[in-house]
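Engineer: One-letter residues, chain by chain:
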Amino acid sequence: MKITEPHKEHIVAHHFANSKHEFDSARLGMWIFLVTEVLFFGALFVAYAFLRWSYPEIFVEAHHILSWKMGALNTAILIFSSFTMVMAIRSAQLNQRLKTSLYLITTMICAFGFLVVKFFEYSAKIHHGYLPAKYFVAHGASEYLHLFFGLYFTMTGLHGIHVLVGIGLIIWLLLRNRKGHFYSNYYTPLEMVGLYWHFVDLVWIFLFPLFYLVG
Amino acid sequence: MQNKTITESLIASNGWMPKAASTFAPNIDGLFNFILYGSILLFVGILIVTALFIIKYRKRPGYSPPSGPHITHNTFLELAWTVPPLILTIFIFYWGFTGFLDMAVAPKNSLDISVTGKKWMWQFEYKNGTKTLGEIVVPVNTPVSLIMSSEDVIHSFYVPNFRIKRDVIPNRYTKQWFEATRTGTFQIFCTEYCGDGHSQMLGVIRVVSADDYEKWLANAGSADDGLPPEKLGEKLYTSKGCVACHSVDGTNKIGPTWKGLFGKTRAYAGGSTVADENYIKESIENPTAKVVTGYQPVMPSFKGLLNDKEIAGVIAYIKTLK
Amino acid sequence: MSESLPGTNYINAVSGIKSWLTTLDHKRIGIMYLLFIAISFGLGGFFALALRLELLNPGQLIVSAKQYNQLFTLHGAVMVFLFIVPSIPASLGNFLLPIQLGAKDVAFPRLNLASLYLYVFGAAFCVYSMVSGAADTGWTFYTPYSSTTDTSVISMTLGAFILGFSSIFTGINFIVTVHKMRAPGMSWFKLPLFTWSLYATAIIQVLATPVLGITLLLLIVERLVGIGIFDPALGGDPVLFQHFFWFYSHPAVYIMILPAMGVMSELVTTFSKKNIFGYKMVAFSSIAIAIISFLVWGHHLYVSGQSDYADMIFSFLTYLVAIPSAVKVFNWIATLYNGEIELKAPFLYFIAFLFLFTIGGFTGIMLASLSLDVHLHDTYFVVAHFHYVMMGGTVMAFLGGIHYWWPKMFGKMYSEKAAIVAWFFIMAGFNMVFFTQFILGTKGMPRRYYSYLDQFQPLHAFSTVGTWVLTVGFLIMAFYLVESLLNGEPAGDNPWGSLGLEWTTQSPPITENFADTPHIIHGPYDYDKVKLS
Chain A
1 MKITEPHKEH IVAHHFANSK HEFDSARLGM WIFLVTEVLF FGALFVAYAF
51 LRWSYPEIFV EAHHILSWKM GALNTAILIF SSFTMVMAIR SAQLNQRLKT
101 SLYLITTMIC AFGFLVVKFF EYSAKIHHGY LPAKYFVAHG ASEYLHLFFG
151 LYFTMTGLHG IHVLVGIGLI IWLLLRNRKG HFYSNYYTPL EMVGLYWHFV
201 DLVWIFLFPL FYLVG
Chain B
216 MQNKTITESL IASNGWMPKA ASTFAPNIDG LFNFILYGSI LLFVGILIVT
266 ALFIIKYRKR PGYSPPSGPH ITHNTFLELA WTVPPLILTI FIFYWGFTGF
316 LDMAVAPKNS LDISVTGKKW MWQFEYKNGT KTLGEIVVPV NTPVSLIMSS
366 EDVIHSFYVP NFRIKRDVIP NRYTKQWFEA TRTGTFQIFC TEYCGDGHSQ
416 MLGVIRVVSA DDYEKWLANA GSADDGLPPE KLGEKLYTSK GCVACHSVDG
466 TNKIGPTWKG LFGKTRAYAG GSTVADENYI KESIENPTAK VVTGYQPVMP
516 SFKGLLNDKE IAGVIAYIKT LK
Chain C
538 MSESLPGTNY INAVSGIKSW LTTLDHKRIG IMYLLFIAIS FGLGGFFALA
588 LRLELLNPGQ LIVSAKQYNQ LFTLHGAVMV FLFIVPSIPA SLGNFLLPIQ
638 LGAKDVAFPR LNLASLYLYV FGAAFCVYSM VSGAADTGWT FYTPYSSTTD
688 TSVISMTLGA FILGFSSIFT GINFIVTVHK MRAPGMSWFK LPLFTWSLYA
738 TAIIQVLATP VLGITLLLLI VERLVGIGIF DPALGGDPVL FQHFFWFYSH
788 PAVYIMILPA MGVMSELVTT FSKKNIFGYK MVAFSSIAIA IISFLVWGHH
838 LYVSGQSDYA DMIFSFLTYL VAIPSAVKVF NWIATLYNGE IELKAPFLYF
888 IAFLFLFTIG GFTGIMLASL SLDVHLHDTY FVVAHFHYVM MGGTVMAFLG
938 GIHYWWPKMF GKMYSEKAAI VAWFFIMAGF NMVFFTQFIL GTKGMPRRYY
988 SYLDQFQPLH AFSTVGTWVL TVGFLIMAFY LVESLLNGEP AGDNPWGSLG
1038 LEWTTQSPPI TENFADTPHI IHGPYDYDKV KLS
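Residue numbers (our numbering), protein chains in the order written: chain A, 1 to 215; chain B, 216 to 537; chain C, 538 to 1070.
Derived from the structure by calculation, the hints contain no laboratory data.
Incorrect hints may have been included.
These stretches of chain C come out as covered by chain A in the derived footprint (C-beta under 8 Å, 3 or more residues) [as the list claims (entries may be wrong)]:
{"#": "1", "segment": "709–717"}
{"#": "2", "segment": "739–748"}
{"#": "3", "segment": "754–766"}
{"#": "4", "segment": "938–949"}
Don't be surprised by glycine CBs; every beta carbon is placed ideally from N, CA and C.
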């Protein structure tokens, strides 16, 4: 990594007055986007509430099938990755380019770690036939347990897609950091991806107790 | 595909609504007329004021608008056109709500009939086990409670003359009650879109006197004893709803036409057969076994809905359609 | 007034197809939206003509039952997702919002272009659905029919899903633009009312559309792997889908109508040379509508068997949301008082809106009533009602807006005489088509019927003939607008003598909108305080 080169001066887009104006606008836009994301997942949480109210027994049953230890491990991984993300932004603000990249890489490794744990969880469920309705083949399960797993795979799957998108964004940040785009006066993309990443983390913090712990 | 109507005309009436035939109708029609004439009054008022303004203040030679600052608000005026409409709509809300509550709760002594909607027919079952298709007979001036469910998708049970409508949902029971106020034959529509046969998912309610109802119920199912088989079949063709999907004049509907069907070779996925008595019986009782090429496997099974004698009647009727 | 178009403007600043496809200029993006939206309207209109033709007689005329079902599904889906939701905000809104704020562009020009591409991408999925066994579910995609039918539902819902994101990104862009890009002196209460309405619309787009997205996604997953949440056979609840669907789709009605109301405020002030009556009432009523619109979705489910208490609350709130709409109508009429009214083509559409939307509103009062709705629900009465609101309201305002800002967008005038003739055809045709359907509906004619009782035929036939009159009106309009583009007279910078900020710059504007950043000193409608030079 060519960290000795100086950073590139950021050029403010023509329709903004200055870089603060640009940064504030981007941050407002990102927050509004996250509001739409909240509603996006919100509808699924409503579906969750509906199922839980209709069939409380399947949640008790599923509680014994899901491994809370794996869920807890993933929660820890994501919380740690949120911390490293914050540190990456902090480093950029202090013009520490190498540190920025190192923190970003750590965040990315955590994201991959999360997916690996998820992969083992998924394959265990699939192996035992705990699949959405049409493919549900598990033995000895109660009649409506498939509904739980339908929702489980939809919600954690959608969250997993968000994690994948996050990985893509972090790679993009790494490439731009390598070119020296980020410094104390311009770190908008870092800040935006950071907000996104905290949101992904937050969704998991809701998913974990609702699926793994509530019985 | 003509819909020969045996029901009372919906468009022949003095007002906007079809002729009323249930206890709910007067209240609902009153509400409709109240809103209608109130709206017309307000609408004409709005039009007159707008037209007057446009004529009086139009740009023309020799006219210049009053000078001085424009009036941009007037608290009294704004309250005047906000608060009274609000009170009026709350009154309308209350009227509609109380009318709705009357429709929600059936009287205890009501006559229960269970209704099953399926693509694309209405099936009714009385407490004594009598089953009918596409037609219910009810006594006049008696509360009737329908307990409804669907076998496939969502349907909706609608009788315009009674001003009733309720969705019929799979895996769930919905209820609708009514009390007919006069005898006659009234139209049933399905009003929740349910596929190709949606507009053919019709039925009739025959409202008869209490005596006629008792007679009908006692004889239900045995009234056809005297008919020759092909006449029985012809009757079943409409009463059991075959007419919804099968024509007898050669036109193509959802299912194959019955005209010239008997003795024809029928090709289906994985083979072909001649349409003989056995094939027709099988197709009535187990319709998806041999679906003729080019048609969808959408016909419900009539097993248990037609007895052997009735099936023989249908076959005899098909034989007459050359 | 100059005889030729001003030298440099956003149209001729750079040339070539590529300069349009990669442009970040909100005006060019708006014009491209306008083109795609017009094409979508033509397509949806074609489906409407075909299905009305089929309904000329009770039996089969040109298509089978299944094809008819596909026709009304495509008509609805195209008109809702491809035409009316993006119509005013994406085309006129994109073009005008930054200019009305005195800005050079929207806050995120690249996101704006991405929205356009998402729109085209989503439209491509819808078109793919049309040619690969078009969906026959109705535009509402009710389960379990939509999860079991064998037509191409997934590509249609995926298309709508993608279009939803296009709409969300436009909404985000507009909100940030209004917050952050206002010119010096442009306080919140100097904002033009069109901008206020776009802002209120954007809030609904951002809050409601994700729920549609997830609903359609759940439907797709349901069809693919059968998660069962909407499937009664697997223990799910089909009515839950209706709640999810209308949680978006009722606010979406206001996504469609609010920008139209904004256009109305602009038309009435410019063509009566009057300051708007009750600026704050009109502005806040947009916001009030936006908020209450989230709480009324259940009025689509009066007969679905939701609890009576839910019905009561939804009915009550529905009446509340009617009030701000009525207030706006009264405000517009009061604005005419003591004005100087010019009956130009855009103002004719103001009158059309007033006339038709009011009928739509009054019939809405009937439908909101619990007991009366039981009779009218899912009949032609509902069809007529929402066409009076959507077409009589939104489309009329859209047409008014296009005629009003046409010289702004292209610097040319159209034939006023032809515009008046077209207006008469459209008004006559529209009322023939849809007023008839009010009568059909009260008589009990259910909607989405391929065949019908013989007794309804005269009314159906009259309605069908109306569609032909309507078509003539639109063809005349298409003709004179294209003619204007080719040979139109130069319009000058401000042909209507409007005080709006967008008219203070040249027409068509330069790429940067204003040569110098404007400083706002008066409100957009201060005709009593400012005399035009």
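Engineer: Count residues of the segment 739–748 of chain C with a Cβ under 8 Å from any Cβ of chain A, then say if the count reaches three.
Structural biologist: Held - the segment 739–748 of chain C has 6 residues with a Cβ nearer than 8 Å to chain A, which meets the minimum of three.
Engineer: Count the residues of the segment 754–766 of chain C whose Cβ falls closer than 8 Å to any Cβ of chain A, and tell me whether that reaches three.
Structural biologist: Coverage by chain A holds here, the residue count being 8 at a Cβ distance below 8 Å.
Engineer: Given as covered by chain A, does the segment 709–717 of chain C meet the bar of three residues or more with CB within less than 8 Å?
Structural biologist: Held - the segment 709–717 of chain C has 6 residues with a Cβ nearer than 8 Å to chain A, which meets the minimum of three.
Engineer: Checking C-beta pairs, does the segment 938–949 of chain C have three or more residues closer than 8 Å to chain A?
Structural biologist: Since 0 is below three, the answer is violated.
Violation of the numbered hints given earlier is confined to hint 4; every other hint is satisfied by the structure.
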